[in-house]
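Sequence lines, in order, name chains H and W. If you count the first sequence from 1, position 174 lands on 174 in this note's numbering, and the numbers rise without skipping. So the mapping is simple: this note's numbering equals the position in the second sequence, first residue as 1, plus 1000.
For the record, the hints were derived by calculation from the structure and aren't laboratory data. Hints are supplied without guarantee of correctness; some may be wrong.
[To be verified] Mimicking SDA-like on lysine to any residue, the simulated pairs with C-alpha atoms at most 25 Å apart in a straight line are:
1. Lys-109/H x Val-231/H
2. Lys-1083/W x Tyr-215/H
3. Lys-113/H x Gln-1351/W
[What the hints assert, rightly or not] Which residues of chain W face chain H? A partial, calculated answer using Cβ under 8 Å:
4. Glu-1081
5. Asp-1082
6. Ala-1285
7. Pro-1287
8. Asp-1306
9. Gln-1308
10. Leu-1309
11. Lys-1353
12. Ser-1355
13. Arg-1401
14. Asp-1405
15. Tyr-1409
16. Asp-1418
Here the structure is a predicted model, which means the values were calculated and not measured. In this text, a Cβ means the ideal position worked out from N, Cα and C, and glycines have one as well.
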Amino acid sequence: MRIAVCDDCSEDALSLKKSLRGQDVQVFFSAKDLLANITARNLNFDLYLIDIYIDDFMDGIELAKKLREMDKEAVICFVSTSDAFYREAYDLYAVQYLLKPVQKDALRKLLDKVSGNMDRYREQSLSFKWRGQSGTIPYRKILYISSREHTISIYCTDGTVQKCKGKLSELELRLCGDVFLRCHQSFLVNIYQVDNLDGNDLIISGQRVPISRKYFAEVKRRYQEILFEEVD
Amino acid sequence: MEILRELSLLWSLFHILILFMMLYRSRYPRRKTLFLTGITMIPLIALNLAGVAIYGAQFMGKIFILTCTLPSLFVFWFISEDKKGRFFFTFCLADTVALWIIAATNVADFYFGGGQCILMFISRMIMFPLVEWIAIRHLRKPYLELQGAVASGWGIFAGMTALYYILLAVFANFPVIITARPQELPTFLLVLMLMPMTYATILTALYRQLLLYRRQQSERILQEQKHALEVQLENQQRIRRMKHDMKGYAVTLSGLLAEGKIQEAQEYLNAVRTEMDSLLGQFCANPYINAIFVQYSQKFQEIHADFQLDICIGDEELPYMDLCRILANGLENAYDALEALKVQEREISVQMKYSRDYLVIRIRNRCQEDLRVEKGAIPPSSKGGREHGFGLATVKEAAERLGGDMLCYTENHNFVLDVMVRIKNLSI
């Protein structure tokens, strides 16, 4: 796993690197340093471990926002001495919030969780054809899929919509059932992209996807399971 | 004469709709409900009126269950939020009241109006709005509340109203219209008189159910208030104990200082500080939620239970009233369960984390080996008496108020309480 550690306290950063033995870890002592490396060398990390109080140029929350802008799927974990930033961390969908000194057990749990997420999405992608052209979209980039008059629309995290011909029921069989869930005759959702369940709708990236009565109990059960995957 | 009959029939069909719509609960918003009702009921009414114009009222009266009742039953069953007894009772209630008015005005017009339809027309013009006014003033609000509060026991009432429906429909029209069967008129009139009395009995029984529900709600609130007062009392007692201990510490410290034992005094002071820290634990930055954990950590310590906490919340603004209610009830349940176990089996863990737009809470405690709870069920209270058994219901209610849900189940001799509350976009 490629991990970036960003902490201005060299002692803490190196101690974290030591605890992450066996992983490909790169340490950065400032937000500027990390951002410059990502931009210049086109670096990509599986996990970012960011201290909240980094430097005057940019704090950890600002850095996470920047990373999120650059990569919507960036996996961010905050490391801090303070427990006052849980809300901000959660607003940025941080995968975890670790308190210093970081316990080995907590770090192990974090790595298990991140690698679990990577396994879920690894090499899983949807291939499609549209007007003679082929395309592939990784699962993690799909929000939901809708169908209308034999045309399937794939709504992606970057705001684009890809189209292809076919039946939703056939597509459903091709897709992984752990990630995609049928919530309506005309909709399939990536359950890991659902922000909340509001009445009879799923809210995904600000868009409402209806749940029909037939699928409601199953969608609710599965969504509750996903929410509690974060726990334990 | 025929035009008056048709107008009064149109008036009746329209008001059956109004009466039913006042009493049932749609699963759609008001505009969509009105739209769906309009596009289905207007053609249905038009077809029935055309049928009356073409085949006559007597023929259509014989088949109105097929041409009017069953289609509208299917349409409203689809629109209605309720699908079983509650829906069928409401449907039959509205329809039988309308049928009663239609039958009574028919008979009155035949015997007192000379069959000219004038009396029928006028009486229907008055009676339908009158019934609706009574329904709005006295029935609608408690009836809607009742539908929300009472989930079972509607089937038998639905059966009774369905029987009245069939009785009125058959008696009034078969083999010929009732006015053509004068020998059966007294029996028919008795049925007409019996029906309001039966309905009054049913509605009184339902009203009693509503009162019972309201009483249970007040009991639940009182129970929670009692619990809050007990917590305060316990805290007061703890403060008194601490004050008493402080006096003791001060006496010991003065003694050590008087004897010039500075080193010993410092060591003693450090020991006192450690003890104070353990008494006033800091489990999370939110003072209200922390207070709950402080209180229960003491309680669990008293019964030698292993109490593990993993609380990932800061001092951000949270709906603490409901969250405290959820935690206090969940922890109290866990405390009761652990008390009944052997000391070495007493284990409990609490986790609070943000996940997506939710704050998720998991309370996991060891429980009796024979306890089995399936996901989605609420286990009965292990405590006897009227004042117990509201804990999980209160948790569910509070979670739902915060746009979330509650789920409990058993797993490997553990009782797990999962609560999710929506935090994002929630006005606190």
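Broken hints, numbered, in rising order?
-> Checked against the structure, the hints that fail are numbers 4, 5, 7, 8, 9, 10, 13 and 15, while the rest are satisfied.
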